[in-house]
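Protein chains: 2
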Amino acid sequence: MFSSQTYKQRRDTLRGMLSGGVALFVGAVEAPANALSNTYRFRQNSNFLYYFGLDMPDLIAVVDVDSGEDIIFGNDLTISDLIWTGPQPTIAELAARVGVGITKPLSELPAYLERARACGRKIHATQPYRAETAATLVALNVCDVPSEELVRASVAMRSIKSAEEVAEMEKACDIGYKMHMKAFEMCREGENERRIVGAIEGIAMQEGWGVSFLSIVSQHGETLHNRNCDGVLQNGRLLLVDAGAEALSNYTSDFTRTMPVSGKFTDKQKDVYNIVLAANNHVFDISRPNMPYRDAHLAATRIILDGMKQLGAVRGNVDDALQAGAAYLFMPHGLGHMMGLDDHDMDELGEMYVGYDAEIQRSEHPSCKACRMARRLQPGMVVSVEPGIYFIPALIDKWRAEGTCKEFINFDVLEGYKDFGGIRLEDDMLITPEGNRMLGRRLPITVEEVEAAMRR
Amino acid sequence: MFSSQTYKQRRDTLRGMLSGGVALFVGAVEAPANALSNTYRFRQNSNFLYYFGLDMPDLIAVVDVDSGEDIIFGNDLTISDLIWTGPQPTIAELAARVGVGITKPLSELPAYLERARACGRKIHATQPYRAETAATLVALNVCDVPSEELVRASVAMRSIKSAEEVAEMEKACDIGYKMHMKAFEMCREGENERRIVGAIEGIAMQEGWGVSFLSIVSQHGETLHNRNCDGVLQNGRLLLVDAGAEALSNYTSDFTRTMPVSGKFTDKQKDVYNIVLAANNHVFDISRPNMPYRDAHLAATRIILDGMKQLGAVRGNVDDALQAGAAYLFMPHGLGHMMGLDDHDMDELGEMYVGYDAEIQRSEHPSCKACRMARRLQPGMVVSVEPGIYFIPALIDKWRAEGTCKEFINFDVLEGYKDFGGIRLEDDMLITPEGNRMLGRRLPITVEEVEAAMRR
Numbered sequence: 380m381f382s383s384q385t386y387k388q389r390r391d392t393l394r395g396m397l398s399g400g401v402a403l404f405v406g407a408v409e410a411p412a413n414a415l416s417n418t419y420r421f422r423q424n425s426n427f428l429y430y431f432g433l434d435m436p437d438l439i440a441v442v443d444v445d446s447g448e449d450i451i452f453g454n455d456l457t458i459s460d461l462i463w464t465g466p467q468p469t470i471a472e473l474a475a476r477v478g479v480g481i482t483k484p485l486s487e488l489p490a491y492l493e494r495a496r497a498c499g500r501k502i503h504a505t506q507p508y509r510a511e512t513a514a515t516l517v518a519l520n521v522c523d524v525p526s527e528e529l530v531r532a533s534v535a536m537r538s539i540k541s542a543e544e545v546a547e548m549e550k551a552c553d554i555g556y557k558m559h560m561k562a563f564e565m566c567r568e569g570e571n572e573r574r575i576v577g578a579i580e581g582i583a584m585q586e587g588w589g590v591s592f593l594s595i596v597s598q599h600g601e602t603l604h605n606r607n608c609d610g611v612l613q614n615g616r617l618l619l620v621d622a623g624a625e626a627l628s629n630y631t632s633d634f635t636r637t638m639p640v641s642g643k644f645t646d647k648q649k650d651v652y653n654i655v656l657a658a659n660n661h662v663f664d665i666s667r668p669n670m671p672y673r674d675a676h677l678a679a680t681r682i683i684l685d686g687m688k689q690l691g692a693v694r695g696n697v698d699d700a701l702q703a704g705a706a707y708l709f710m711p712h713g714l715g716h717m718m719g720l721d722d723h724d725m726d727e728l729g730e731m732y733v734g735y736d737a738e739i740q741r742s743e744h745p746s747c748k749a750c751r752m753a754r755r756l757q758p759g760m761v762v763s764v765e766p767g768i769y770f771i772p773a774l775i776d777k778w779r780a781e782g783t784c785k786e787f788i789n790f791d792v793l794e795g796y797k798d799f800g801g802i803r804l805e806d807d808m809l810i811t812p813e814g815n816r817m818l819g820r821r822l823p824i825t826v827e828e829v830e831a832a833m834r835r
Numbered sequence: 380m381f382s383s384q385t386y387k388q389r390r391d392t393l394r395g396m397l398s399g400g401v402a403l404f405v406g407a408v409e410a411p412a413n414a415l416s417n418t419y420r421f422r423q424n425s426n427f428l429y430y431f432g433l434d435m436p437d438l439i440a441v442v443d444v445d446s447g448e449d450i451i452f453g454n455d456l457t458i459s460d461l462i463w464t465g466p467q468p469t470i471a472e473l474a475a476r477v478g479v480g481i482t483k484p485l486s487e488l489p490a491y492l493e494r495a496r497a498c499g500r501k502i503h504a505t506q507p508y509r510a511e512t513a514a515t516l517v518a519l520n521v522c523d524v525p526s527e528e529l530v531r532a533s534v535a536m537r538s539i540k541s542a543e544e545v546a547e548m549e550k551a552c553d554i555g556y557k558m559h560m561k562a563f564e565m566c567r568e569g570e571n572e573r574r575i576v577g578a579i580e581g582i583a584m585q586e587g588w589g590v591s592f593l594s595i596v597s598q599h600g601e602t603l604h605n606r607n608c609d610g611v612l613q614n615g616r617l618l619l620v621d622a623g624a625e626a627l628s629n630y631t632s633d634f635t636r637t638m639p640v641s642g643k644f645t646d647k648q649k650d651v652y653n654i655v656l657a658a659n660n661h662v663f664d665i666s667r668p669n670m671p672y673r674d675a676h677l678a679a680t681r682i683i684l685d686g687m688k689q690l691g692a693v694r695g696n697v698d699d700a701l702q703a704g705a706a707y708l709f710m711p712h713g714l715g716h717m718m719g720l721d722d723h724d725m726d727e728l729g730e731m732y733v734g735y736d737a738e739i740q741r742s743e744h745p746s747c748k749a750c751r752m753a754r755r756l757q758p759g760m761v762v763s764v765e766p767g768i769y770f771i772p773a774l775i776d777k778w779r780a781e782g783t784c785k786e787f788i789n790f791d792v793l794e795g796y797k798d799f800g801g802i803r804l805e806d807d808m809l810i811t812p813e814g815n816r817m818l819g820r821r822l823p824i825t826v827e828e829v830e831a832a833m834r835r
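Chains Z and D, in that order, are what the protein sequence lines are.
Convert by adding 379 to the 1-based position in the first sequence; the result is the number in the numbering used here.
Convert by adding 379 to the 1-based position in the second sequence; the result is the number in the numbering used here.
Be aware that one or more of the hints could be misleading.
The list cannot tell twin chains apart, which means a pair is met if one copy fits it or any two copies do.
Unchecked claim - With a Cα cut of at most 30 Å, we get these calculated DSS-like pairs of lysine-lysine: (1) Lys550 - Lys561; (2) Lys748 - Lys777; (3) Lys649 - Lys748; (4) Lys387 - Lys649.
These are computed hints drawn from the structure, not numbers from a lab.
Looking at chain Z on its own, in the form it has when it is part of the complex (with noise of 0.2 Å):
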């Protein structure tokens, strides 16, 4: 948690964003896993987090624009609570550690909105993405969500990081680095995919919060999001960990490697791999203030469809491929995201705000549809650099049968890797006014640092 004045500026900052009415913020209440009274760790909303940095469930907030004044609505414990919870602050405790002078319990927090709308002033909510926020919403007759105003200054405000946020963002990345070094350490053949994601989520924990998003530890890195994590490892094979950390903060880190099994790459692992790794440094060598992050999208991409050339598996001419969406067949992903208080960050304020502007909006052309993150970088901001080259059995046999880019693309050549995988290298990025750095010590990355860490 930062200082009562952090908490207390960003309110005022925001308030100076919105021309009026209320601003409420729903804090989280307890997820249920299995039953009501069996729970999720408790995760904050991010954005109660950032404006009332209060981690506990169950406060409701708001930044009354027009008035000045911030209040926390929450209920203080009763002695029963207190059997189970031991001796806990009360509201208005927790609310001067973060610079609100107000505090009310919950009860009065459907009166205190009735009478502001009753003055024709706007509540001003963002858009809930757990169905008990929806309930309360609707119990608080608050209906008009998201409102657009609230989302645009919050995005515009949390994209900017401060070097208080950074340094939390390196904490978080200090642990990733523990959590990757242990996977190095644990790959070989034999071992359970299940049991390095114990071991580095373990890490997680034990050093943060937790786990920034459910580890992906496989050696089918060509399925973007898998969780089955059931496989033994075997050599020969190419094991995917993309795995990061949330500092206590709930500040992220998100990094991904690729290492061979057996602790040696073969030269067509190598071949590949060193394509996407060029193309993450790439990204590194040109990403500055003022450049739309499409451009180092379109740029990673343009590296992969030429290296795939190199091998044989795109042919013609690199940007008419790159042009006519050849690079989707490889990269079917955008080639990172904002990071902040969530791994995609602000990812609840929704992608349009976060990765578009009016400037640059969301695009359907083949070279950038899957392209997230398009904006202008600057100065503060904190983007994922994650290009990766996947062989997808089901997305080749598409395209060979409908004759997508048929003319780019060998797929003769691609039967030979429908049984490679896939590989993305991911670091984390820090837009400065001169240009970029990575966030937090580099993990091995080059062919020979990942088989230095695997020797033992």
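Fit chain D to the given chain Z structure using the hints.
Showing chain D alone in chain Z's frame:
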């Protein structure tokens, strides 16, 4: 997952217990953590698992009591899903694994239920614990929940574990054993509670599905559900570790041990510890089919009062103190809970059906108002055995101020225990035709065993 025959038999048995209509089983959807797209680890609804066995989101199933049909409603994946998920079996293939021959897309469910209702047939469903499920039930026009008939039938069936269910619980116990042995190993001055949580929860994920509930690792064992886990271990304190795992089948274990951070109990700690141990052992001595588990609660709390009398904190006649509810000051929770596919098994169906029945109803009598599992034991039941002694300063002060049980409690003596913390010792018990047996290998529990487990 068990054989398709197992699930088919369960559904046929259920059909025989319901008077008619359609029993509806709404499987879980993914649970968003901080965005729709960033979810917690998927946890299937346990009643769905019990009758339909499939461990994936977005399935709804029905047991048609009148026609004898079982149907699974779910949508097959599209090619664009497959890029993210990899090749997956069809709904029909999945259904066949659990003995269901009829599958339909989810879009056909509303009309199916409408037809049943039009014929005057009842739709049975259980109480939702997640708002997403509640919204689904509303959308399906299923308002009359819970169906007491379905709840009673489910509880009756799920209360009695088959041999194959017990075998799964023993797998969960094996994982729990490893988790707790790791905690014994890590517990030492200067270590952080959170690091132990991470280490043991990592083991739960490495070996099974994950934890059966959020681990409690605390030097403030007197706080019954302490989730802070921020403490640094200090010599002289006791560390309470309450943790368990779910096997991959989601069957659970749940153990508690309490250990001296220094590796050696003080005499004062040993005295209290041995009272709790005696209570735990006594429950295994007396528990057998047909005994109300409330009697075990009373017997355990009587041992606690008797022990505290030896230590001077209780005075007068122990049976009178028991009847007056004096034990609640030391152990303000029940002796145990049913276990199975949930840690607190069937909590979603309602404690009043799981822990009580027509004969043994919930009581506000001071001696057993905290008792939650009270009804008669039957062979095949699995219950936790978890007596404890806690010194909760807020509760001691409240009782003293209000004069509660003042003729039985020596509050002056208790002043000397206000910084003691709490002790709980928990094992898992299967009721057998002959009596009972402990599930899994027993963790170190005597003073000597615990000190030996911590020796390094």
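**OP:** If any of the earlier hints don't hold here, list their numbers in rising order.
**Re:** 4
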